[in-house]
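Trainee: As they're listed, the protein sequences go chains A and B.
Mapped onto my numbering, the consecutive letters of the first sequence carry residue numbers 103 to 322.
Mapped onto my numbering, the consecutive letters of the second sequence carry residue numbers 32 to 374.
By construction, these hints were calculated from the structure, which means they are not laboratory data.
Among the hints, erroneous ones may be present.
To be verified - Estimated spans, in silico, between C-beta atoms of each pair:
# : chain 1 : residue 1 : chain 2 : residue 2 : range
1 : A       : Lys175    : B       : Tyr340    : 39 to 45 Å
2 : A       : Glu256    : B       : Ile352    : 53 to 59 Å
3 : B       : Pro355    : A       : Glu309    : 49 to 55 Å
To be verified - With a straight-line Cα cutoff of 27 Å, these simulated BS3-like cross-link-like pairs (lysine-lysine) come out:
#  : chain 1 : residue 1 : chain 2 : residue 2
4  : A       : Lys113    : B       : Lys216
5  : A       : Lys182    : B       : Lys199
6  : A       : Lys317    : B       : Lys341
7  : B       : Lys74     : A       : Lys317
8  : B       : Lys216    : A       : Lys182
9  : A       : Lys230    : A       : Lys270
10 : A       : Lys172    : B       : Lys195
11 : A       : Lys219    : A       : Lys196
12 : A       : Lys241    : B       : Lys216
13 : A       : Lys187    : A       : Lys177
14 : B       : Lys204    : A       : Lys249
15 : B       : Lys206    : A       : Lys317
16 : B       : Lys336    : A       : Lys187
17 : B       : Lys341    : A       : Lys182
18 : B       : Lys195    : B       : Lys206
19 : A       : Lys167    : A       : Lys113
20 : A       : Lys167    : B       : Lys199
21 : A       : Lys133    : A       : Lys230
22 : A       : Lys230    : A       : Lys177
23 : B       : Lys72     : A       : Lys177
24 : A       : Lys291    : A       : Lys227
25 : B       : Lys206    : A       : Lys191
26 : A       : Lys177    : B       : Lys216
27 : A       : Lys205    : A       : Lys219
28 : A       : Lys241    : B       : Lys204
29 : A       : Lys167    : A       : Lys187
30 : B       : Lys199    : A       : Lys249
31 : B       : Lys206    : A       : Lys258
32 : A       : Lys113    : A       : Lys166
33 : A       : Lys263    : A       : Lys191
34 : B       : Lys204    : A       : Lys317
35 : B       : Lys216    : A       : Lys166
36 : A       : Lys177    : A       : Lys113
37 : A       : Lys249    : B       : Lys336
38 : B       : Lys72     : A       : Lys175
39 : B       : Lys336    : A       : Lys317
40 : A       : Lys317    : A       : Lys249
Only a predicted model underlies this, so the values are computations on that prediction, with no experimental measurement involved.
We put the beta carbon where it would ideally sit given N, CA and C, even for glycine.
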Amino acid sequence: MREVSDDELKKMNINELTHLFVENINEQNLKLIEGIEFLVDEKFENFTQNLNLVIETNTEVRIKKAFEFKIFKSKLMFSKADRLKLFNKINDIKNIGEFFAHKMLLYQVIFPDEEFKLQILSILKSLKTISIDLAEAVKTIGSDLSKAHDICEEVKEERRKMREAEWKLLDQLYNYDMDYLSKTFLYLKELIENIMMLADHIKSFSEYIQFLVTKYLIFD
Amino acid sequence: MAADIISIVVIVLIVLAIALAFSIGANDETLSTLVGAGVIKFKLALLIGGIAVGVGMFSFSFAFVAKTVGADLLGEAITYTDFMLLTVLISSILWLVIGSFAGIPLSSTHSLVGSIFGVVFVYSITHETVNPETAFNWVKLNNVILGWFFSPAFGLIITYVLFKLLAKTYLSKLKGLNQIERSEKYFKWLLLISVIFAEIWVGANSGEAVGILYGLLDNGTLNLEQYIFYAFLCGVFSCLGIYIAARYVVRNLASQMMDSRPSESLITQISSALILMIATLLSLPISHSHVIVFCIIGMNVAQRKEIDYKGLGKMAIYWIITFPVAAILAGLIYFGFNLFGLV
Numbered sequence: 103m104r105e106v107s108d109d110e111l112k113k114m115n116i117n118e119l120t121h122l123f124v125e126n127i128n129e130q131n132l133k134l135i136e137g138i139e140f141l142v143d144e145k146f147e148n149f150t151q152n153l154n155l156v157i158e159t160n161t162e163v164r165i166k167k168a169f170e171f172k173i174f175k176s177k178l179m180f181s182k183a184d185r186l187k188l189f190n191k192i193n194d195i196k197n198i199g200e201f202f203a204h205k206m207l208l209y210q211v212i213f214p215d216e217e218f219k220l221q222i223l224s225i226l227k228s229l230k231t232i233s234i235d236l237a238e239a240v241k242t243i244g245s246d247l248s249k250a251h252d253i254c255e256e257v258k259e260e261r262r263k264m265r266e267a268e269w270k271l272l273d274q275l276y277n278y279d280m281d282y283l284s285k286t287f288l289y290l291k292e293l294i295e296n297i298m299m300l301a302d303h304i305k306s307f308s309e310y311i312q313f314l315v316t317k318y319l320i321f322d
Numbered sequence: 032m033a034a035d036i037i038s039i040v041v042i043v044l045i046v047l048a049i050a051l052a053f054s055i056g057a058n059d060e061t062l063s064t065l066v067g068a069g070v071i072k073f074k075l076a077l078l079i080g081g082i083a084v085g086v087g088m089f090s091f092s093f094a095f096v097a098k099t100v101g102a103d104l105l106g107e108a109i110t111y112t113d114f115m116l117l118t119v120l121i122s123s124i125l126w127l128v129i130g131s132f133a134g135i136p137l138s139s140t141h142s143l144v145g146s147i148f149g150v151v152f153v154y155s156i157t158h159e160t161v162n163p164e165t166a167f168n169w170v171k172l173n174n175v176i177l178g179w180f181f182s183p184a185f186g187l188i189i190t191y192v193l194f195k196l197l198a199k200t201y202l203s204k205l206k207g208l209n210q211i212e213r214s215e216k217y218f219k220w221l222l223l224i225s226v227i228f229a230e231i232w233v234g235a236n237s238g239e240a241v242g243i244l245y246g247l248l249d250n251g252t253l254n255l256e257q258y259i260f261y262a263f264l265c266g267v268f269s270c271l272g273i274y275i276a277a278r279y280v281v282r283n284l285a286s287q288m289m290d291s292r293p294s295e296s297l298i299t300q301i302s303s304a305l306i307l308m309i310a311t312l313l314s315l316p317i318s319h320s321h322v323i324v325f326c327i328i329g330m331n332v333a334q335r336k337e338i339d340y341k342g343l344g345k346m347a348i349y350w351i352i353t354f355p356v357a358a359i360l361a362g363l364i365y366f367g368f369n370l371f372g373l374v
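Produce the complete structure using the sequences and hints provided.
Mentor: Laid out in structure tokens, this is it:
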């Protein structure tokens, strides 16, 4: 994750701080996804290392403080509340990522079979795609609202596919014949649900961006 | 004794006219768009708006709307008596107070002209020398009433056309939020200019207070120097009304307007100011509130936003009933004065 000094933060404007924040949160999401991929590959040391990085919040807290200071003093009244809400929504993603990482660090599992692993990797790939897309959409708001709207549409489409994969995974999990260790079952169920929770928030954020586009774009 | 009563009535009339000027300023919400957009500091906005209203009210007090209210609505053979003017003020204030307690949005202009109609009508039927048919300047009265219908309609149309033009030539070409914010920064300063322009015409068209004083000038109770002095006081008190009392309504409305775009506010302000300017130059007293409401509707139509037809219908009903109710109220009060020989 990109480290920035307090002096650099002070020099940044609202736009730059928002971009920096969303970049950091996106990187955090990618670390989280990579960490779970390590778990799938049973590389537990790497998994723990990655998820611990996700939990670390120092840089984000400093960016948030710098942003809040700037927005409070901003004279752009008509977009001020929306800018603040946008930033807070990015922060929500960060909080969910942290919560997810904390939960996943409680235990380490061996996945039941290759098919399950492949399906988890597939929804992780989708999660990676929508996280990158969301960061791109946030960064595009400033320069091209229509493009941001289109990117958000892609995010929503990808999340729809993930939802189908989620039901398949849960179905598979509940239909294993083996007398399953309850901790492993719970962990895997939580893993699927947390991935979807993060995806749902990204989708809801995308819808908020689309609302902003509708609000600010004027068509002749 | 009779001279004493007349002197007291004149003093009461002048005090009420000045109080009315204060209340015109106190009820003025034009500044809320400026404060909501955060263009300048709140107190500075109040001061600038107050001065603009005061300047508008005083500068146009020698003719135009003041003359219409104070003289031109009457037929050639008739001038206001002091009791007629007192009745007009009592009636229009009473109807506005009733409206405020009932939570009904009323127009002070409609109320005042309605009251004038009621008083003059009772005066004409109780005085054998006055013919009710010639007691009014019907052409002027018709023009004033037509102005009440045309001004909101034109406000809607002008806002619609101006917004569509601006949207087609400029706003629709802005692609990103940064670009929109940058352009709105410039609109903020244009909004400041347009609000000052609008406030001048709000003051100029608010003929209720100076119109009463003009009536006193026209019937010879005041001489020109006295009229200028009291008209100046009306200007000062309308300014004080904004600075001291309008701050609450402005702050309240501004907090609801924070996310409205300065470019949109600019168009509604320019449209309403243009309507007020034309109406003032035609010497027609119109309702600023009705014009601004229809300008906002014009903006909503242009942006294909929802319109509160229920609220609009309610407003239309009160709009229509204000004139006859004020006329009846004023007629009854003046008839009461007549019974005691106060003509």
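Trainee: Identify every previously stated hint that the structure contradicts and give their numbers, smallest first.
Mentor: Of the numbered hints given earlier, those the structure breaks are 7, 10, 17, 20 and 22, listed in rising order.
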